[in-house]
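Based on the sequences and whatever the hints tell you, model everything.
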Amino acid sequence: MMRYQIHIRSFDRTLVAIDDFQLDAGEITVLLGESGIGKTLIAQAIFGLLDAHEFDISINGKPYRTYLHSGFVRRLQRNGFFVFQEPSTHLNPLMTLQEQLNEGPLAKAANRQEEILRILWQQPYETHIRPLLKVYPKPFRPSGGEKQRILLAMAFKKLALTAGSANRLFVFDEPTGSLDNAYRNIFLRELLRQYAQNPFTILLITHDYSMISQIEKRHSALLPKIHFKELRRFKGPKAQVFNFKANEYTTWLKKQRAAAKGKHAANTQTVLTVEPEFKVFGKTFFLKQGAATGKPVPLVLHRQELIYLKAPSGMGKTTLAKIIAGLQRPQYIRFKLAGFSFSETTDQNVWRKHIWGKKLAMVFQHADEALNLQARVRDIFKGLPNVKFRNDRQISDVLQEVFEWDLPQAFLQQKVAYLSGGQKQRLNLLRALVLHPDLIILDEPLNGLDFASIGKVLDIIRRKMAAGSGILLISHNEEIFERLVSEENCYYLTDKAT
Amino acid sequence: MINIPKRLQNPILRFSAFFTKFRQTAAQKLFRLERRLQGGNRYAAQIYFLFWSGGLLLLWLWDVLFLHAPERHLLEKAFVHSLFIATLVVLFSFAMAWATAYSIEFFTDRQKTIAAGAILFTLNLIRSLPQIVGVLLGYVWITYEIQTGQITSNIAIMLRMSVFLALFIFPEVVALLRERIAYFRQSDFFNAMRVSGISEWRIINYDILWKNSRLHILNKMIAVFSAAIFLQCSVDFIVSVGLSTRISAINLPVTLGSLLANIDSKQDILAIGYALTHPDYLPNLFFRHLQGISVALVIVFTLFSLYKITNALAERFHL
Amino acid sequence: MKKINREHLGSAIFVSLFLFVLFCLTRPPASSGNLPSPAVQMLNRIQPDINDPFQVQLFKDMAAAFAGADSNRFLTYWQQMQQYRQNQQQRIVSRQKATYRVSLGRLFTMYLNFIWIYLLVIALTYYGVQTLGTYLFLRYKQHQPSHAVRIISAARRILLKPTVKNWNVFFALCLSALIKTGLYFVLFAPAYVIAYSIKSDFDTDSTLFMILLGIISNGVLITYANKFFHLLLTESRKGYVRTAVVKNLNHNFTPGSRKGISWRALFALRKNFNGHVLQHIFMNARFQYVATFKEQAAFIITGLIIIEMALNIHGHLSYELLQQLLYRNYDLAILIIWGIFLLVKATEWATDGILYRIKKRLGYQ
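Protein chains in written order, with this note's numbering: chain A, 1 to 498; chain B, 1001 to 1319; chain C, 2001 to 2365.
Check before you lean on any hint, since a few could be wrong.
Unchecked claim - Covered by chain C, per the in silico footprint, the following chain A stretches (three or more residues, Cβ under 8 Å):
1) 87–98
2) 132–145
3) 276–288
No lab work stands behind these hints: they were computed from the structure. Bear in mind that the values here come from a model prediction, so they are computed numbers and not experimental data. Virtual Cβ for every residue (Gly too), placed ideally from N, Cα, C.
Spelled out as structure tokens, the structure:
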């Protein structure tokens, strides 16, 4: 058992304070919790990756410098690996993927590379994988999922190199954030297979609660070795680890049903109609209902309805959302929104005058990017059309809609940057909801939320729908939304006409 | 063994105890200061600003004591003029840069590529001319205006100098503003606010430039101030030195650069080289050659301090 | 690349045409060689003062000798004489200007010399900036306390234990702080301040001295080394560096040590830190640095122009520019400005070309 008391402070505030963080040596810890709570910082502190001069850190009461120089940490780093979240920023843009996969000690496992990549890609090596390795990582190529798999391949190579060594700690920080569920399952399968052959310590950090059902379904034999834990704040910056019961999630999931249509459902005013075919970045895409097979059909969204748009990662769901929102110009499209007709030649002024903030609102996936982190909570609503708050009381009332607890006055004055990930995401959502638009586009609304917040956000979505908005939803949490959305309201985006 | 008379023993002991206590207290205070300075570079920018102000104040006090009053008044005048011009340059360059950057964004957003292209083309042209040449040509124009009697007052001359300096410095500020706007446009920040109906004017000016870039802008303004001092001193020095005796000098307001080009100051600067090869001459630099040394020191010390301030801000806020 | 070529060519042609027109407009006219009549030339020798009645009468008597009784011709002679005097003065000024006009061949030689010095300074600054910037970064990574803190610490030790060793340490630190400050002052001093300081002891007109000044003075080296240091610092905080660390690449940043970065690697012309995390940081910082090279090049040219002008280095391009401006030979001044503009434009073009090639190799184009 590895036990840690960790305190991490920046110059003006405490970032993480946890008195008892445990890792079962030789076993698997799945660490859940909302984003921004400190899971990554804790993992990096344990692995010895934080800068002792940038933060004031103590581990088990000793200064971090002492911890870094200990033989234990050196062995952890020598025999272990850390897969970081945000694969885009964790690959050097000036070196080919091949060079990065074979750098340093990883070069010694070059003979295992082909096998590992074939497992992760599930495609022929010579035609699909080898050409990709010659590429320099750029924002759009390779895709997020491919970059993630390269980082995972590095981890598996290191695993092969260190088989049999002691003190092997492998940390996977959101390893499936950019992966489709199919590839996520492949990764889990391979990781647990490697573990079963030669156990080592795994710390798996994730928001993807659906991983729990996958592990229960396919890897139940290993369940005694897997510990689900959730990190929650309980006193200001202090956090505590709670054991998370897997059946808490699976039971909750089973209880979810498709959202009932509102009482005005008979009044099926169409909010959005998108023609089945559109073209962007030189590629043609098709909309189908229910599955990737079948004929392309127009996407039709009514008031008080929720449509779930599915597609493999990187296919273009967010791009379509941006096209509808007037933020991306396609080469061809036809759609109608709130009585206005749009095509690829429509001037952006039409959106500016009639749509933005009035008929349409969009909640982007990364609250950290979508919100002004330097603004205060009360400033988030400034500048919104048709939204004027006379005093703080009115702002508090509106915030109550998503926060549901008595908000202290100080909360309004707080800088957005200092809110937790879940709070930011709810604020991000609220900014769209106060506009009462006809169409709300939600791009990964459950991103970064803990289990409790997921439930609250789903309730908010249901309430908004019942109040009259049409909702277009994009999310990789298929397991949750397939229960909430009826099959007829599920659309599929594909690049294949038949 | 020294026999200390009894009547002196007590005072000696008292003094010895006092001196030991003084040493310990001083050591404690120094320790606290050491820890505070070691604690990080949080206040480095403020410290360097105090260092700059304090250094100039010390120099002024020294000059009050050891420099002739007329020369000192001239130095004060030159310093005030140089600072005034540099401050105006900062204001003008920021105003021009903001107008240019916003215009480019406005025209680009509305797909008016010709207008945006014309502005960018002009900016590139200005950038292609070395600053010193551009400012020199500006001085030729100012000279013409003085000779034809179009401008007579020092304020008008200094205003024009500031405009010409700002004209060749502001493209750097434009680059910063555009870089900040582009950074936020790349992420969902810009689009998320646009789609919520917030006007682009507010997003660019309030959310991006004010809320998220004011430290970058402040740091750039300090760098512009420094560049203005450097260019201004260089051009004034060149214009003052490069004049032939056959052609009469134009009466531009006295600045640090023109004062440095003064024959007396040049003699004083030459004394530095002499002192390097004749170290016994060193004390004379601080008493006999004060005018030139003071001017050179003000210029170099100001440039050095401003560099340290911008550096400290960049490190503190990860700019 | 076509777009880049179009932009640069377009602006080069536009400016060249504009300057050519200005050049033609400012060319001095050929002076008229027509001499006035012998009568006027003779009368001009008197150079009468109109306030002196004696001289005026003398002029009238002499004019009568040429013109006879026709008093109208007196006025004509007077006007012609005035015109002749004016032309003479203009000829004197033109001859003065002509003395300060240089031939186009000489100007071209100065221009080539300027380019050669500029290229040398650029190359040496490029190397110096990266080496000094990297050294500053390695020093930063050691997290040594500043000089001020060390001096205070030494002073404190003296107060607690005034031994000879402690005093020696204190004085050594003060001396090194003084030397460092002196060095900073040299690096920040405008070129003319340094040059005038040592004018009496060194030949400040030599090309070598000019190159040295161009590199170390005007704040060029220290400013851009600092910029490069900040680029390294920014890159060192990025994610791919952490990936390199977990791949167990060496991340000991001690300069001059076998376990860290050797002096040889640091001072090499083509820097290579293979097997070290610094290689990742350096290659990305250098890429960013190349993108800002245009700004540095313009600053270097500004510095060289200031040096040549302020130090009155005869036979050099910028000094010649100043002289032509002062003697109002605007056509030659425009020609020089055109040459400088083309040099800056060529640097910008070359930088954009290099960037384009790098981006093409990376797959961005």
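query = Can you give the numbers of the hints that this structure goes against, from lowest to highest?
reply = 3
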